[in-house]
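Below, each chain spelled out in residue letters.
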Amino acid sequence: DAKTTQPPSMDCAEGRAANLPCNHSTISGNEYVYWYRQIHSQGPQYIIHGLKNNETNEMASLIITEDRKSSTLILPHATLRDTAVYYCIVSLNAGNMLTFGGGTRLMVKP
Amino acid sequence: EPEVTQTPSHQVTQMGQEVILRCVPISNHLYFYWYRQILGQKVEFLVSFYNNEISEKSEIFDDQFSVERPDGSNFTLKIRSTKLEDSAMYFCASSDLLAGLSTDTQYFGPGTRLTVL
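Chains A and B, in that order, give the protein sequences.
Per my numbering: the first sequence ends with 110, consecutive numbering throughout.
Per my numbering: the second sequence ends with 1117, consecutive numbering throughout.
Below, in silico cross-link-like pairs of lysine-lysine (DSS-like), each with a Cα-Cα straight-line distance of 30 Å or less: (1) Lys3(A) to Lys52(A); (2) Lys1042(B) to Lys69(A); (3) Lys1042(B) to Lys3(A); (4) Lys109(A) to Lys1042(B); (5) Lys52(A) to Lys1042(B); (6) Lys1083(B) to Lys1042(B); (7) Lys1057(B) to Lys52(A).
What the hints contain is simulated information worked out from the structure, not anything from laboratory work.
Same shape as in the complex, but just chain A (with noise of 0.2 Å):
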């Protein structure tokens, strides 16, 4: 799988756009992205995932460069509750397992 690679940290302020950006420069062109977000010690949750268009859900959006070099994840109004670590991974077709990085933490300020 591609390596990806993430900022450590960020902050956002409460109810402003945290942009949350990811470079994935030797991803193949059948690799998705995927973004997950594990607040605490909780289990990993899905976000969502991309493979060349921009996504759009409940969550966020993805918009993936048109190299797919690099994406960003969006959440449109940040809440306290999205204080998290964000992970950025890219992944082949199914069954196939998730590399995590170290991913970014957000911190949502008030």
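Place chain B on chain A using the hints.
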């Protein structure tokens, strides 16, 4: 909304003892996984399981570990002789290959905290 469940939430055991961690994956899922997270460290993949056999395993998953799907709903991780360094959060996950798509999403349980004394 369907979710992965795990029992117990916390298990304390003596070094050298056997432990079995239990998971109930989401009911129509076909792929099952175990991950672990030592306190303060990254989430690490242990093993994946599909069609009643191990499909992939990491270096961590040595002969002390085994997995089983004893019935149609449970998925278990057994550690035969626990060591101090096995103390960690253990997460079960499951996923389904969606019809017509080549990707899946792994959904994680809340974890079991294993403490080896």
